[in-house]
Amino acid sequence: MLRRTLLASAAATTMLGGVVMADGHGPTKLGFVFVGPVGDGGWTYEHNQARLAVEAEFGDAVETVFVESVPEGPDAVRVMTQMALEGADLIFTTSFGYMDQTIEVAANFPDVRFEHATGYKQADNVSVYSARFYEGRAVQGHIAGHITESNIVGYIASFPIPEVIRGINAAYIHAREVNPDVEFKIIWAYTWFDPAKEAEAAAVLIEQGADVILQHTDSTAPQAAAAAANDAGGRIYTFGQASDMPEFGPLPRVSSIIDDWAPYYIARTQAVMDDTWESMSTWDGIGAGMVGIGDISDAIPAEVKASAEAMVTRLAAGEYHAFTGPINKQDGSVWLTEGETASDYGDDSLAGMSFYVEGLTAEIPQ
Amino acid sequence: MFGSIDPLLLLASLMVAATPIMLAAIGELVVERSGVLNLGVEGMMITGSIVGFIAAIMTGSPWLGFIAAAFGGAAMALLFGMLTQLLMSNQVATGLALTLFGLGLAALMGQGYLGVKAPSFPDWDIPLLGDIPIIGPIVFQHDPMVYVGLTIVAGVWFFLNKTRAGLVLRAVGENHEAAHALGYHVVRVRLLAIMFGGACAGLGGAYLSIVRVPTYADSLTAGAGWIALAIVVFASWKPGRLLLGAYIFGGMTVLQLNLQAAGLPLLDVLPWIFGVIAVLILIWGITVSRSLSNNLITIVASFASFAVLASGYRALGWSFNDQLWLSASPYIATIVVLVIISAGGAPGSLGKTFHASR
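If you're matching them up, the sequences are chains F and P in order. Going by numbering that gives the first Met the number 0, the first residue of the first sequence is number 0, and it counts up by one from there. Going by numbering that gives the first Met the number 0, the first residue of the second sequence is number 0, and it counts up by one from there.
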């Protein structure tokens, strides 16, 4: 019975959809596909906050649905297809791993608009958007290079994709700039969200001498693991990831990268309502407000805090690019010459970054 | 050879990593020995983790948290027990539903407890034993729950093999019709076993949220319950092998993270691991059992040939995905064990519905 109603309404929407919406009779329907649970305290939490912000902004004019913890792969196709069949006008797919699935489903539903986060494949009805998290990583690296005493920085990485590799490079370049002896130990967790594994990874890095832990996974578990190590007499520093994670300040969390998707989501919803939506590629950083740097706590020396804040200001104003030459690749070949900044797209660009910079000793897993 | 890995810390963290899955698995083992297949381990674990976490935060005492977690897990299990034993619903479907229900319930209860750190649960420095070189830091300097877990495993072994009640439970699991004819109360025995399983799963979940992570997040268990189910099969329903299985599964997680952090490729280490295992088994065979059975020689030879194979593969310089093989290894081990024991040992009435009228 339910299925029949669903199909009937889907058919009706397909036939009448555009007309009804353009007249503004029905609410605009938004779908959100989340890679983790909305309660992860990090990445998905912030995307959900932006969803709530859209609801608060438009009230009854929008209707949102979301599905959380959707595995990257065939399951995502099912979820997106169902949302499209239920009459969604705009679907946000919020993880890199949904890239091919988004393109696939979008081809089947030319009238539904899709927004894919952090990917690089566009279509007439698929926009891509991402934030320049690497600007925040540069600030983290700067602070990490100053405050580490063991000169070992631990990095919990998720998957070997350009976005994560950019973050590692940006952090390493700026840590080495202030501390030539710094060494990065990198663990690939191969998950976006697995609190037990993330906590275990943090514990292993601490055991192997790291006293600063950077994470590119979505839960607060590494923060809690570091806090537990501090309770036991250690002094470990961490940075909030994707969300501010202020509960873990002032130690171990000394600052954070905050993703603020709300203005973008509101603007794109408005575009759908006004029928001005076009496929585009958005990549905003600290300057545009998509990347925020959380409060730098007083647990770190005042002069480090001041220089980090100065860097944030220069990044925001566009006076400084986080990848400014001279920078060599890991194999010693020249990537950027003196004063040259990395380009967004093209050969050896930021968008497709698949190499480490000189000085990192690990290898990117294949 | 070890790089920056400290073997003592590695073995010590192996015991910690194995504890949650060991707790959940030993509970499920008792449930399955009584002839019930409860696939809801994941749901009971996550319920235990949030109930225990809330109790620990409210009272400030991790111990009360664990007690609450055991009750929470047992309550979830009782729900399963009533549905499957009294209302005779399908065990597989009910178990899966229990997992879904538990995940949703925990997410609901967890609202307001995200990003909160659990009260600290200090390690237990056991005097004298903890001071033994090498063994002390590995075995005797953990938090008390590690020992609670080991005690439960030992207790279950004793219960199943040495007590009358354990014999009754096994009888119920092997052939419930016969047990019923002998006058044993099949449903009562099974309900008790199911609740014990739930309590253990709850403890395992709470170990994650209170000790190992130590915070609560949605989907915290991330599949640990399913691994616990796999361990029970790996262990062929025997508590001793279950301990080994939990340490293999836990050890692989820890080893893989350690190797990565130290920047050591697995392939460089693999021949050593296989070689050491072969030698250890050989020594054990010569000194303890004082005879070399054909079986033992086969096992030693296969480990030795694994070592040769691994070093040969390495010499050829072919590509090798460390992560893939390490993640898959516990499951490969399960398959190998199942092949060796030919899937024997499953309780006769496992998963079958019992009704006294038939």
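These are calculated hints, taken from the structure and not from any lab test. Heads up, a few of these hints could be off.
[As the list claims (entries may be wrong)] To spell it out: a stretch of chain P is covered by chain F in this simulated footprint if at least three of its residues, at any positions, have a beta carbon under 8 angstroms from a beta carbon of chain F; those stretches are:
#, segment
1, 4 to 16
2, 107 to 115
3, 296 to 306
[As the list claims (entries may be wrong)] Just so you have them, the derived chain F footprint on chain P, three or more residues with Cβ under 8 angstroms:
#, segment
4, 201 to 212
5, 310 to 323
Here the structure is a predicted model, which means the values were calculated and not measured. Ideal Cβ placement from N, Cα and C applies to all residues, glycine included.
Against the structure, the hints:
1. Remark: the segment 4 to 16 of chain P is confirmed as covered by chain F, as 5 of its residues place a Cβ nearer than 8 angstroms to a Cβ of that chain, reaching the required three.
2. Only residues whose beta carbon comes within less than 8 angstroms of a beta carbon in chain F count, and the segment 107 to 115 of chain P has 5; three or more means the coverage holds.
3. For a cut-off of 8 angstroms, the count of residues in the segment 296 to 306 of chain P with a CB near a CB of chain F stands at 0, and the three-residue condition is violated.
4. Evaluation of the coverage hint for the segment 201 to 212 of chain P: fulfilled, as 3 residues show C-beta separations to chain F shorter than 8 angstroms, against a requirement of three.
5. For a cut-off of 8 angstroms, the count of residues in the segment 310 to 323 of chain P with a CB near a CB of chain F stands at 4, and the three-residue condition holds.
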